[in-house]
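Chain A is already provided as a structure; the job is to place chain B on it using the hints.
Sequences listed follow chains A and B, in order.
Number 721 marks the last residue of the first sequence (the working numbering); no jumps.
Number 313 marks the last residue of the second sequence (the working numbering); no jumps.
Hints are computed from structural coordinates only; laboratory data are not their basis.
There are no misleading hints in this set.
Pair ranges (Cβ atoms, derived):
#1 B:Gly41 <-> A:Leu598: 23 to 33 Å
#2 B:Val263 <-> A:Ser590: 27 to 37 Å
#3 A:Lys645 <-> B:Glu293: 25 to 35 Å
#4 A:Ser85 <-> B:Gln156: 30 to 40 Å
#5 B:Cys32 <-> A:Leu669: 44 to 54 Å
#6 B:Glu206 <-> A:Arg139: 50 to 60 Å
#7 B:Gly296 <-> A:Leu598: 39 to 49 Å
#8 A:Leu73 <-> B:Phe289: 47 to 57 Å
#9 A:Val683 <-> B:Leu278: 52 to 62 Å
The C-beta atom is built at its ideal place from N, Cα and C for all residues, glycine as well.
For reference, the chains in residue letters:
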Amino acid sequence: MEKCWQEKGNYHTCYSGAINTNRHKIKMEFSPIILSSLSLLSLLFAAIVVPLVISSQRLLIAISFSLTAVASLLAVAAGCWVVGSGLINKLILPLGLPNLPFHLRLDPLSGFFLTVIGLLGFFVSIYSIGYVKGFLGKRSVTPLVIFYSLFMAGMFLVVLADDAFFFLISWEVMALASYFLVMFEDEKTENRRAAFLYLVVAHVGAIAILLSFGVMAGLATGFETFNGYTFDAMREAKFSSGWATVAFFLAFFGFAAKAGVVPLHVWLPEAHPVAPSNVSALMSGVMLKTAIYGIIRITFDLIHVFPWWWGAIVLFLGLISTVMGVLYALMQHDLKRLLAYHSVENIGIILIGIGLAMIFTSFNLPILAALALIAGLYHTLNHAMFKGLLFMGAGAVLHATKERNMEEMGGLIHKMPWTAALFLIGCISISALPPFNGFVSEWLTFQAFLLTPALPNALLNLLIPLGAALLALAAALAAACFVKAYGVTFLGHWRGHHNPPSAPPFMKGGKGGVEVDWFMRIGMILPAIACLGLGVFPTFFIQWMDIIPEQLLGSKIAASAGAFGWMWLTPVSHERASYSGFIVFLGILSVVAVVYLLLHTRRTAVRRAPIWDCGFGKLTNRMQYTATSFSMPIRRIFGFLFNIKEQVRITPPVPPFNKGGGGGLHYHLRVRDRFWNLFYQPVADASFWVSRQFGRLQQGRIHIYLVYSFITIIVLLVFLR
Amino acid sequence: MKTYPLITEILQIVAVLILAPIFIGWIRMVKCWLQGRTSAGLFQPLRDIIKLFYKEVVLAENASWIFRFTPYLVFGVSVLAAAIIPILSTDLSLALTADAIVLVALFAIARFFTALAGMDIGTAFGGMGSSREMMIASLSEPAMLMAIFTVSLVAQSTSLAQIALVIGHGPFILRPSLAFALLAFVLIAIAENGRIPVDNPATHLELTMIHEAMILEYSGRHLALIEWASMMKLFLFASLGIVAFFPWGIGEGSLKDIPIAFVLLIAKLFIAGIVLVLIETGLAKMRIFRVPEFLGSAFLFATLGMLSYFILE
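With the rest of the complex left out, here is chain B:
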């Protein structure tokens, strides 16, 4: 086994673990500035996670092993996904483990268990969150597949490394199919990560919450793992978008590429965070039964991307 892929693999996992809370910190910071508040700083989410690890775990009386197992599983899935997506380099030792479809399914298994954990404790909040989360997931999945289909038409592959290589090395032209796919992907990423306008990650104990409702009973290290994993999920979706649509500068097989790739990644995430904040600040949270329309338009964009590939390219 070559050493290079292994080193980048480890570097990348460590980078994701640390950068994910900082990315969230960055998003919160920009949001505070836009709303005229003072921010808690870039490292506050990291401090929150560390604090939670030292807190006592309070379990609901009825919680079964599923409730206790879920945080570990969700975290494990996120770490595995961090090892698979080519973020710093396309040459990773685990890159062959999964293509784009498997990656979507990996997030699905984390969601499946989170929803079960929501049902496990037997509160109305938990069930409500699970029910809504699964509904949103069911609607975002076809749109996601359509977006993957469109990208795979261009790249002739669903392997993420291959997509990054093909699009990164291809001539720089504005492909309408990819533009539509990107638009669809942004909408899906917002829905999958429970951001405004689909869900509000900052709410607690409101009837509109979805993801927060499922994890309401978590505390201590369990909560820390879940929070960390969801931060990583947002980070991974951002890097997935970067890999598929803006892969320029990604490392390809020598360690010398890594510092440049790292700097470029930070720059891209810097912009991605600002875009996300602009979307979140500009929109209000929508009613739950408007979400199908939201995701329907994501599906429509992805389908238009597919059609424009066949018609225009």
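The following block holds chain A by itself, in its conformation from the complex:
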């Protein structure tokens, strides 16, 4: 592909092919980056102008979220265009620091993430039109609208930024906007606490990223100028292995904090559940992916030469996150918290792909690296779709029942048929079951694992297969977890305990559905279709995104992946392994249809009868399996990984027995994150201790403060004269 650099005023655009020699023609060429700038402008318009102009809250919701939906579509168009054509677009904004204007760059890697963010942003924006109406009359939605738009703009800018300063500014816009979104329902202590924890972890991470950029910029050009802060300078630079390691691990720490890699994940299950569900969908579905983008950008693009053990560490942390994420998810009975822990798991799966790609790259096996990277990127896209869908589904349930605790739900499939069916698609996809999309990317990851015997390192050969087994364990546990989540929430009878006053009327035996409105339904139907499409036609999407490993690693897999026709995905060769989601889907569907028709040729009777109660009189809803009882076997087997406190209290019966004096058993279970006690509690205790020591300086008496000032002046005079 021929590439050329052109200067047009402030606009740098690179085309393949056409060469325009007229350097001073100031004409804005219509290019992907212009398209993405348009998207950003409309987001800013939605954030700043619309809330000022429109006073009606109902209209504000409709207009702002329509604008963000349009902006998302523009971003998707720009992203698809760039990935499809392999262009690299640049733009320098006349803003920013002296000698360091803001650089924007849109290459296939950013284009891919732009597409992912835009796609889910589009779905969630449609969903939000319906969902946010639920807050009308309770609180002002203006902050939600403003920060939602800013949040999306921040995410777009992170993947577009091409210098360290602008990257960090965008990173902060994204972090702060999402902080305010987590804080949206700020009357609850829980929410304020979660938001604060999020803010702290986000900023510790941001400092690490800042330091990493500092190291790289300093090594690129020295500390005299700002020029080193552009990513171009970093790309050109050659780093010594020691400093490169420092820069990589600082950046990895910062991005891992954002992505929720174990053990930096503790903020995630706190912050994601308390945010409004449309925001949780975006945070979990795409905000975490900006950290993945950062890791890929820094590793493969900016540093690009690294030893294998970096990849091994990434792989190891990915595996730990995968297994711990899913195990902790199994222990949850708060639907949104469960989903948040699954984000930890899925980020782990993505990191496994990236880690394997790094290992393969460092041993100079670019085709295998391309396979692993594609697996990671494909899972990024898939996770955005199904996690977005699941959080929107959880939001719909929350919207209808005002309840996040699964133990208080049950039987919703009869009341919310649409949500139930769509949530089921999300569950199947995330559990990595064919023919949906989660399976394709996990299968590709397994294939990358199975190719590790090609590595010329005996230790890795022996240890990496165990990683594959861990991934298999996590995939199976995820299926168990979603049987639990779906079964307890949507199936069976309502499990509610005391008929709380907050419970909606239909739960108390009332008739009628509580299905959500069409905006929310469409917001969920679209990602569900995407889940199926990405699972059934993976070859098209993999061919489309093959340009990314080609640019980053110099190799691609489509040549082999698509060689056997579009129906079959054959990552290395069809003798090695093959998968056809299309035939699996069609095959199962046709057998089901044929068998159904064969069995219904004659009139068939179906009789409804009460469930079998073993002859002991009426079964009650409280006798059903709950989320806690469902996960009990796994809790028992993997109990050593959790901090479990189990209590059984027996209250003896007191007469009169018929008036609630029947006594009873009280079972109390608390499962806590071990990592909190291991890593965070000591840090929190230490900082409290230090603060208390400093607190002693504050006496509250004016003459003591005057002494402080006096001493300070003396010291300054002595030392700085």
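Same frame as chain A, now just chain B:
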């Protein structure tokens, strides 16, 4: 499209559909003989299925569409798997659809829906069965993957047809890696199919049941489909073991191979059934919390197979 793969494909699906209940009948027959009982005959499971198809369906009051859809799906998955595994011939028109990993995942989707159906009716039995089934599945999956990994090291492929070809044409030597993998595979197959010592397919209304607990509320044609599918699953696991470890005699591309392949298959299944009965008669059902140890040893065997490949071969 060539006609040969298509014909073998259809022959194979029909063979699996009919042979699976007969295979179960054979297992029950041998078991009866070993326990000194009179058996109901080779064709009793087939007769049971036909009988169930004519029975009325009684649905639980609370059952949703998931409960009604599951039997069809489970059956569909089994038929598809029967079309994919090279049982009679390695040259099938659908053989490329799935490799060993996809096949495991196909069974996983059937299990996922069966577990959901168990939760759907809202009884304690159903939930208990689902919970235990998913627990056992979670533990058997890593062991299964390890076994696949070991076999794929030998065959350089996870494609089942390729595995059968490589192992069938390779020199006949006792590979320790494959021996360990086979041992692991047998343990996994016992757990996945709910056989003794992990689960007892002959129990009803006992607190120890797992698979039966999930499908307790099924009746009529739904039950028939589920039973048929689970018979096919056992049959398919047996043929999976045969394909991966004893593929000699499988057809490879001409219709003349098929009769020989068929006879050899019957002979191999004949032995597989006896081995399974010996295992089941020799062991007692274990407590549910001993199953992790059982599957842990399967994982260990598979890992030893992988290590012995790297060290010895």
